[in-house]
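Using the supplied hints, reconstruct the complex from the two chains, each of which is provided in its own coordinate frame.
Protein sequence lines, in the order shown, are assigned to chains A and B.
Each step along the first sequence adds one to the number in my numbering, with nothing skipped, and position 209 is 209.
To convert a position in the second sequence, counted from 1, into my numbering, add 253.
No lab work stands behind these hints: they were computed from the structure.
All values derive from a computational prediction rather than experimental measurement.
For every residue, glycine included, the Cβ atom is placed at its ideal position computed from N, Cα and C.
Hints are not guaranteed to be accurate.
[Claimed, not checked] Partial list, derived from the structure: chain A residues whose beta carbon lies under 10 angstroms from chain B:
id : residue
1  : F85
2  : R240
3  : D243
[Stated by the list, open to error] If you only want the chain B side, here are some residues facing chain A, beta carbon under 7 angstroms, derived:
id : residue
4  : I289
5  : E293
6  : Q687
7  : Y690
8  : Q693
9  : I705
10 : G708
[Unchecked claim] Residues of chain A placed beyond 12 angstroms of chain B at every Cβ, according to the derived structure:
id : residue
11 : Q10
12 : G28
13 : E29
14 : V56
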Amino acid sequence: MLTIKNLHAQIEDGTEILHGVDLNIKAGEVHAIMGPNGSGKSTLSAVIAGKEDYEVTQGEMEFEGEDIMELSPDKRAHKGIFLSFQYPVEIPGVSVTNFIKTAINETRKANGQSDMGASEMLKLIRGNAEKLGIRKDFLSRSLNEGFSGGEKKRNEVFQMMMLDPKLAILDETDSGLDIDALRVVADGVNAFKNEGNAVLLITHYQRLLDYIVPDFVHVLHEGKIIKSGDKNLAKELEERGYDWVIEEAAAKV
Amino acid sequence: MSNTKYTEDDLREDLSSQKEYEFGFTTDIEYEDFPIGLSEDIVRKISKRKNEPEWMTEWRLEAYREWLKMEEPTWANIHYEKPDFQNISYYAAPVQKKVLNSLDEVDPELLKTFQKLGISVAEQKRLSNVAMDIVVDSISVKTTFQETLSDLGIIFMSISEAIQKHPDLVRKYIGKVVPKTDNFYAALNSAVFSDGSFCYIPKGVRCPMELSTYFRINKEGSGQFERTLLIADEGSYVSYLEGCTAPARDENQLHAAVVELIAMEGAEIKYSTVQNWYPGDSEGVGGVFNFVTKRAVAERNAKVSWTQVETGSAVTWKYPSCILKGDNSIGEFYSVAVTNGYQQADTGTKMIHIGKNTKSTIISKGISAGKSHNNYRGLVKVNSSAQGARNFSQCDSLLMGNECGAHTFPYIDIKNKSAQVEHEATTSKIGEDQLFYCNQRGIDMEKAIALIVNGFSREVLDQLPMEFAVEARKLLEVSLEGSVG
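Just chain B, with the same shape it has in the complex (with noise of 0.2 angstroms):
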């Protein structure tokens, strides 16, 4: 994008003409006080800047202490350049997101991948920041949105406006399904998170629509470590969306992202994440590295859907996870995981049966092309108090290309000799045969490996909200483009 209209002195004009932030929670700390690094005093700095209570500082600071003494983890079947804690900016400057007149002013190759993802062309100004025309009134769209939610008693807004409006709500479960030692990165995450969700919904209701951050525009924008806390009270349905098809491209390598669900007595959370983070350049520089920490609770009789499509970052570590710690819990993990080029993933689910009756089901389907690595890794666990419970994962990877790997590390701990377990795990490659059966029938070589691909990957995609799943399937077209010797 070119900046030749819009200066430096343009941009220091507008910064310090800015008074009101969205929501009037920050204060007016000057950049030049963030200094790259990490230390308590950045801490201190960030919650400050957010205007954030006391407990929540606190909350912070002994967080930092504790990754302090922490080490990074090795175990994963990945390899990357480690990040340099200290040459990384904690706190991004609000830059005022340059606002530009039409789509003409945008990459051309950026709206080439938003023809292909089939993105209207409304969204696509949203997404590139292009005036919206009056006739697509963005705002009362978001309005009309939050009035229906708040009639409801729904409560959905970014994390640090819940810390302000609702500090008891947060405090109550922030750390309580991810405590802030869990692991290295949910300990830094918990001491400098930025932003995220937080949402509520109230006993018994139903949340009649898809709640997905569009509508919680994040001016901030910075997306690095985002916390996200989302809590389902007794007998409530929410579905989530997180993330979008379009390519984020992305300054910050490094996103630890934490997200903890509640789903409380009776209660049902389907989370739903497309990811597709800038993933390096052709010779595998470059690229987010997304290591996130995702995990619910489900008491009695709930239940909470993990769906995954996953198709960016040079490297990615997750494992939404499910203690099914309620009798009758239920906890479903559906992934669809594409590596290409250099990319690297180490995904999976844990599924940890502690009440009575509790069921599970995981179906990964690992993609892999170019001279990527995808690797599964999943965690079922039955601990002695697990009477009849029960779980079914199916494991499959499919293979493009000779250059590419694809490697299963499924564990089974049972502590209980009632539990059924049942593990199927198949690799494919995709076969010359398959592709010539469709070429023969005029589908050329591009749509027939999308229509294998996409066949291969059905049985996840299906659990995606419908519009979702609509860009999903382009997605990952889009993303094994070139892929073929």
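One chain only, chain A, in its complex shape (with noise of 0.2 angstroms):
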């Protein structure tokens, strides 16, 4: 599904952040990517949305097989990729509701489709809603305005399975969620997932990967995928942390 050869990519100043990332994620599957802080995992996700802040120096991109180095961010949504952000910005005056619908028609109207009924759009509203354990008077209120981390994050999810996307990236979802959060959160995605669609999750910490089974784990380390492995690679990370990975990365080299 997500196809990525040799990813270079630097802010505006001219310092690359991404040294050569190759991954490849097929529908079905489930990824995770982990990495010390500053390892480049925001911005991989960043510029596989779309982001204009980073440039492409080298490498290529194909999603379902089409080149969307060139596609801005709306259009690559359109294509079916999610991105949940690690941090939501808000937007004063606009309801969660009044967002979400204005989303979804406007994908729809990009695909040659109409607009969405509204007794089905209300319909798909609440069964999401109810899924997440979100309350109805959230729906009507401005866009992460006043949201707690964990109230963000959760919104984050509803729209992810409002939009039903092929490729959902989460940013960082676990961060700023009690346990409780968690599972719900864990809960929505893993509902979500299924043979048509795939999911990269992108994290710290091995605690999210408890409830959301990955089948890839790989580490980020300076902008480079240095190890790739199955959940246990996850578990290993957790107990001896990540310098025995750097290491025998640089011995390798």
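The following block contains the structure:
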């Protein structure tokens, strides 16, 4: 589904953050990217989503066999890429409901469909809100305004469920969540994933991966994936930290 | 619009054959007698042409004489080339608007804007002066409307007609809220006003529909010096809509209107304005100067609410105000002012608390884009007599891009210790992060800006009557097109 080859990306001042990332995600898979702070995890998710602050200087990125490098972020979203933000911004005066309704209908429009009917929309909203334990009055609040960290993350997953993307990138979704909230969010993601879509989890901590079990775990260090494994790799990292992986990779060079 | 079929000869013929004007109150002064410029003679001619009674002519002349003694104000934070008052025609010849056969004959750019604003085909035809089909009978719609109003004793007509048919009412109230000596532009307006609305709601009557200028078809079509007088008698209610979202292209650069509202004991007036006059070209040349004096007086237990959406004009200069004269009276001001390109706005309100337990609310949203400048200027004045006065003001500015400016000039003048005055102000920029967030959800740049701007303006837009609100939202989107850097 997503194929990234030798991806190099830099920020405005020319500093390169990604130094040749290779990643291959197939439908039905759950991948996790772990790594120390500053390794470039959030940059990777931003580059996949198409944020213009980053310039890709080398490499290829294909989504469902199509080169998406030249596509603007909204067009990539229309293709089915979803990013759950680490720090979701506030948009005052725009209700959660209004925002998601606009997002859904703009995507449908881009894909040649008509707007979703009001009753269908309402049913979908209610259903997903219930699954995530989101109260009704929450939906009429301004998007992210005054939300706690946990509420923001839950709202991101809510949007994911509403938009039903092909690839859901969850950037540090577990940070700021207590155990109960984490469980609710994980249940939502697990209910979402199926044979047709894929999930890319970006996380520091092993904990989330107890709930959302990955098929592949990659370690990102200084803008490059230095090791890949299965869910056991995550457990090993939890016990031993990142140093041994970094040393091992250095020794290889 | 092409004029190849309709020649000057045709026009002259039409004008000379025009015998009756809608309300039959004009005389036969030839248009050659109306040179440009202003003098007592011109003021008399204006009055005579409208067949006005002596007192009205005198009133105009007094205003003109006062105007001569006044100096043009320069304290606002706006820069514009001063109008040459002797180079303006103060009486627009009533040009018979050319009737088109179909929308195909209308400027396609104009049609595109109509479509973006979601204006219905029937309304587009009316606005472009396309002959209406028999099926859409605007005349019968208007008649039904007028019948309903007259059954209730509501008077709603052009002010020129009101001076003829209800002279006592007009004479009693005109100039009582905005005296002819109030300011330079009010004095000018008082001398030369050409038309406007007059409305009277009798005691205890709740006007059942929104009154809008749509139903007062103004054949004279100048709109340059409009004068509106709206009186809500005790216990009555009226909601009035002024303006329309369709871009109004006008050759007259100066628009100096005066609006006076009187809310008597227990009455409520809701006055909504949507203004989209020509803002000038992409170089900032041309465009309407919208210099308006709007003021309301609220008696005991009365309420006046001003709501405005200002997106047009090269320069907007206006402070719809409330004099909270009666005890327990309430004044509200909700405003969204958008400036783009080279536009400038210096707008706000004055809330004057005189009676006891009066309350005022000010919510002002300024959106600046391009190279424009947006100023909020507000006065909250609490007189020594105003025991228990309360005010809440919120002024928010939204900046788009790095070349525009937003300024706030709040004045607070309190002479009574029991007053409670709250003022909040925020300034924000549309963040790239906000835009990216929307983009990532499949919302493109233009739609994202519209969403964010509408969210920002929501408190104000929620005050508008529903159909107006829908149009106003679209208007905000259209007026900020191309403002993304």
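(request) Could you work out which earlier hints the structure fails to respect and list their numbers in ascending sequence? (result) 2, 3, 4 and 5
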